[in-house]
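Trainee: Here is what each chain is made of, one letter per residue.
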Amino acid sequence: MTARRQALLLLVPAALTLFVLFVLPQALMFEASLGRRSAYGGIVHEWSFANYARALEPLYLGIFARSVGLAALTTGLCLALAWPVAWWIAFRVPQRHKSALLVLLVLPFWTSFLVRMYAWIVLLRTEGVVNAVGVAFGLPAFDLLYNDLAVLIGQVYGELPFMALPLYASMEKLDRRLLEAAADLGASPLRRLREIALPLTLPGIAAGAVLVFIPSLGAYLAPDLLGGAKGVYVGNLVQSQFAVARDAPFGAALSFVLALLVFVAVAAARRPLAAARGL
Amino acid sequence: MNRRGSGLGLFALLVYLFLYAPILVLAALSFNESRSSALWEGFTFAWYLKLLQNAQVMQALRTSLIVAFVSTVFSTVLGTAAALAFHRHRFRRGAAIEALFALPIVVPEIVIASSMVLLFAALSLRLGLLTVVLAHVAFSISYVVVVVRARLAGFDRTLEEAAMDLGAGPWRTLWTVTLPLCAPAILAGALLAFALSIDDYVITSFVAGVGSTTLPLQIYSMVRSGVSPEINAVSTLLLLATSLLLLAAHLLERGKPARLCAAPAGLGLALLAGPFLIGGPAAAAGEKVLNLYIWSNYIAPETLAKFEARHGVKVNVDLYDSNEALLAKLQAGNANYDVVCPSNYAVAILARQELLHPLDLTALPNLAHVDPAFLDRPHDPGNRLSIPYFWGTTGIAYRKSRTGPIDSWAALWEPRFKGRILMLDDARETLGIALLLSRDGHGVNETDERALRQAKELLLVQKPLVRTYNSADFDQVLLAGDVWLAQGWSGQFARAMDEDPDIEYVVPKEGSSFFLDSLAIPRGAPNPALGHAFLDFVMEPEIAAEICMTMRYSTPNRAARALLPAAIRDHPAIFPPPDVMNRVELLEDVGDATVLYDRLWTEVKSAR
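Residue numbers (numbering that gives the first Met the number 0), protein chains in the order written: chain A, 0 to 278; chain B, 0 to 607.
Simulated from the structure, these hints should not be mistaken for lab results. All figures in this text were calculated on a predicted structure; none of them were measured in a lab. Take the hints with a grain of salt, since some may be wrong.
[To be verified] Just so you have them, the derived chain A footprint on chain B, three or more residues with Cβ under 8 Å:
1) 12-23
2) 136-146
3) 238-251
4) 325-331
5) 345-352
6) 464-471
[As the list claims (entries may be wrong)] Listed next, with one range per pair, are the computed distances between beta-carbon atoms:
7) A/L15 with B/H249: 30 to 40 Å
8) B/G166 with A/R4: 14 to 24 Å
9) A/D142 with B/D359: 48 to 58 Å
10) B/A269 with A/A79: 33 to 43 Å
11) B/Y15 with A/V11: 39 to 49 Å
12) A/D142 with B/D535: 47 to 57 Å
13) A/D142 with B/H249: 35 to 45 Å
14) A/R176 with B/Y15: 22 to 32 Å
15) A/L192 with B/K462: 36 to 46 Å
16) B/R89 with A/L15: 14 to 24 Å
17) B/M548 with A/A38: 38 to 48 Å
18) B/A94 with A/L23: 15 to 25 Å
We put the beta carbon where it would ideally sit given N, CA and C, even for glycine.
Chain A on its own, in the form it takes in the complex (with noise of 0.2 Å):
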């Protein structure tokens, strides 16, 4: 037996499963979006682009465009937290300490993320655990919960350890070496971040970005329960076109769409990732 239908013998099992599981039913789910909504919430099969023509007016797009905002602005406050931790264990922290810090990162997933949500609105609700905090500092107790900045943290916390590992692994596999050239050569901190450390982290940096803003456009649980839905995100238009409209022809158009937004933020993220394979 060769090493190739050993391989191929081996990749089948599970590339057939995504198949059944994936591809096929995304084929059933274009053909849906072709269709229109019957009076009793069915699908009537005959084919239009209706439902496309529908997902680009301006209240939707609209709606697409905000759920892009979101998902960017959760990009860039995982990085902008998740970069440093990432360095610290990757550098700063004894290597027998490593594997238990990032276990840590993971663990808070063991619990349901709704779960994690309603401990969010007990923190930050008006007679909350962060304004009990507060007022007894002498503040003034704050309006927290059902707003933009709420959702916002809900979502960076959902997504944080997405970013954090994949930081981490590409800066284990850094060399030192240019780090410390470049300190032994007179580069002052900032620069041998902006010059060395961030480029070289570029790859994790492409890998983590996609892992968290793909899931971000999708969110729904965050704007519903902690921005006190008073925002409607790509996450809760689609939800709500299956589950409340029984709309599924418009819910799938509206799916394929945000498909296609992400591949082309996949795509964005290519180039960087295919670099990062080359270091």
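Chain A is fixed; fit chain B onto it per the hints.
Mentor: Just chain B now, with coordinates in the frame of chain A:
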């Protein structure tokens, strides 16, 4: 360590604090004596004991663990094999194969969820444990592949080559050299798959069916009454079990002696096995099962236990939180329930699509106890398809010490209550009261586009005053003090009034809507005879009274009402006086206007 280094360490500490703040809160609340999770009122283990007695939560936990375990095994095996394949061979069409494996990571969850429903319906696969496991395997594989491949990327190939040179075949090399070397990565991949499975809500909620209510689904449906400390308790236990297992793995990796690792590993595994030892199996082989699909907090476990004892059957309960979820499941045609609980308008939709089993009224003698006012309604003439179960009104609950008396929907437009108003997150209910306020004689079932657009304008004017839109735990938001006035449904507010005497409920003078939730048997139900027995059982006066007592929604059963204590029989929110009943209108299906309602509501919610 230098000064800059400790600055970095402080920053990292703050980030870890950010990650663990909510975890600390939920762990603390699981020991809090107070049920409404706002204030600390003393230490207690009571919620852990209650958790053990909560059959539904324990069942959901068991289901979650089974699903997570099975799907982790499959996705780890498939994913590891695929990762090895990528490692061994550079495929032609590599880009296409890479893209295939990237799909589950890059396609948003909601898209995966909705497309899988279409697939399972097309394959006429019954929604249940199998479909949930399939979905979980599918979305976990790619993550396992990513983790294992990352490990293999830094792999010393010379070891493999040496094995081959020494005469080991490719499989032997794989088994004795490659696999042991990437064992830590496989373990990491499996842990990730387990975490993804046990936390998944979105996809599971779409593909779940009979007997596959996982813990996140259970939690989501319990949220209507606020996240109870029991849920915090179960979360804390799960986290503890995981931490112990990870600790054991960590000690093992560091080369500590096995007996040192055995204690945390054993304790962790015992915690995970606990639910299976306590609850026992779902149903013994050959035992008859009634599959009930119902709103959360709509029937008490004690009541179900009585039915089980009387008929020698097991009742399987799955929960939903909207009529639309129910409609979607029944329309897909691959969910096997015996009894469902649609609201009146959903009954009408299901009836028109012939998705309900005709009732044999001779098998339902207890229907005689039901108030005729709730029988023979337009959504089901002659009650050929459904029996009334609960009803309730939409009204305003308010904190009277803050607002003074309220009697009009216009209060929800008063600037002095800015930021203290909660509205339902529901197109029909919000546009409905705006229609009532427009004074042009529009009812809550209006389908005229101009009238609806005017109603939308009214909601846009109101939006800056609204603190939050919420149709799940609106009563809890009111109780917690975040808002002073809340639009919502009577049953939940009746429970809130029991907790806090400062809360008052009113059905405003302009009128309002009411709902009537019915029990029905879906077409194709596995056991319609048992379904009839259940329908007749809940209409027995004593049973109907018990259900009303425990759930606080209004029973349409006249004989049952007579059995209730005066405090409930005359409760203004549960049984409003006759003049209120004269000004409320039943919400009906609005057909194609549903799309318009949804669109207008989207416009309101997305307005700045």
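Trainee: Does the segment 12-23 of chain B contain three or more residues whose Cβ lies closer than 8 Å to a Cβ of chain A?
Mentor: holds (count 8)
Trainee: Is 38 to 48 Å a correct range for the gap between the Cβ atoms of B/M548 and A/A38?
Mentor: Given about 40 Å between the Cβ atoms, the range holds.
Trainee: Does the hinted range 14 to 24 Å hold for B/R89 and A/L15 at CB?
Mentor: Given a distance of about 20 Å, which is inside 14 to 24 Å, the answer is holds.
Trainee: Mind checking the hinted window 48 to 58 Å against the Cβ distance between A/D142 and B/D359?
Mentor: holds, 56 Å
Trainee: Take the C-beta atom of A/D142 and the C-beta atom of B/D535, compute their distance, and say whether it sits inside 47 to 57 Å.
Mentor: holds, 51 Å
Trainee: Has the segment 345-352 of chain B got at least three residues whose CB is nearer than 8 Å to a CB belonging to chain A?
Mentor: That given contact holds, which follows from 3 residues of the segment 345-352 of chain B lying within Cβ reach (below 8 Å) of chain A.
Trainee: For the range 35 to 45 Å, tell me whether the beta carbons of A/D142 and B/H249 fit it or not.
Mentor: Since the Cβ atoms of A/D142 and B/H249 sit about 42 Å apart, the hinted range of 35 to 45 Å holds.
Trainee: Return holds or violated for the Cβ distance of B/Y15 and A/V11 against the range 39 to 49 Å.
Mentor: holds, 42 Å
Trainee: Does the Cβ distance between B/G166 and A/R4 fall inside 14 to 24 Å?
Mentor: Since B/G166 and A/R4 have Cβ atoms about 19 Å apart, the given range 14 to 24 Å holds.
Trainee: Can you let me know if the beta-carbon spacing of A/L192 and B/K462 is within 36 to 46 Å?
Mentor: holds, 44 Å
Trainee: Falls inside 15 to 25 Å, the C-beta gap from B/A94 to A/L23?
Mentor: Between B/A94 and A/L23, where Cβ atoms are some 20 Å apart, the hint holds.
Trainee: Tell me if chain A covers the segment 464-471 of chain B under the three-residue, 8 Å CB rule, please?
Mentor: holds (count 5)
Figure legend: structure checked against the earlier numbered hints; every hint is met.
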